[in-house]
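Turn these sequences into a full structure, and let the hints steer you where they fit.
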Amino acid sequence: MKKITLFAAALFMAGSVFSAITVEKLWESTADMPAGTDAKQGVGYDGTIYIQDKAALKIYAFAKVG
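Quick note on my numbering: the sequence shown kicks off at 1249 and runs consecutively.
Since the hints were derived computationally from the structure, they do not count as laboratory data.
Careful, some of the hints might be misleading.
Simulated restraints on C-beta separations [said to hold, decoys possible]:
1) E1276 <-> D1301: 18 to 26 Å
2) Y1298 <-> T1270: 21 to 29 Å
3) D1294 <-> T1270: 18 to 26 Å
4) G1295 <-> A1258: 33 to 41 Å
Since we're looking at a predicted model, the values are computed, not measured.
Glycine is no exception: its CB is placed at the ideal position from the N, C-alpha and C atoms.
The structure is reproduced here in structure tokens:
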């Protein structure tokens, strides 16, 4: 019984930590991707988003400043 109580308390604490997380949009790019792209994945690093265009064999970079 003691283990179940401790587990329930730990689960409650973990739930309260995760419920405090909020997501806020800081910026967005208004640049349009070329039509017909085969972009399947992207990654963000140091204020820049990189999107892979497999059909054109290119990587597009979108920065916060434009």
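These are the hints, each one checked on the structure:
no. : hint                        : in the structure
1   : E1276 <-> D1301: 18 to 26 Å : holds, 19 Å
2   : Y1298 <-> T1270: 21 to 29 Å : holds, 25 Å
3   : D1294 <-> T1270: 18 to 26 Å : holds, 22 Å
4   : G1295 <-> A1258: 33 to 41 Å : holds, 37 Å
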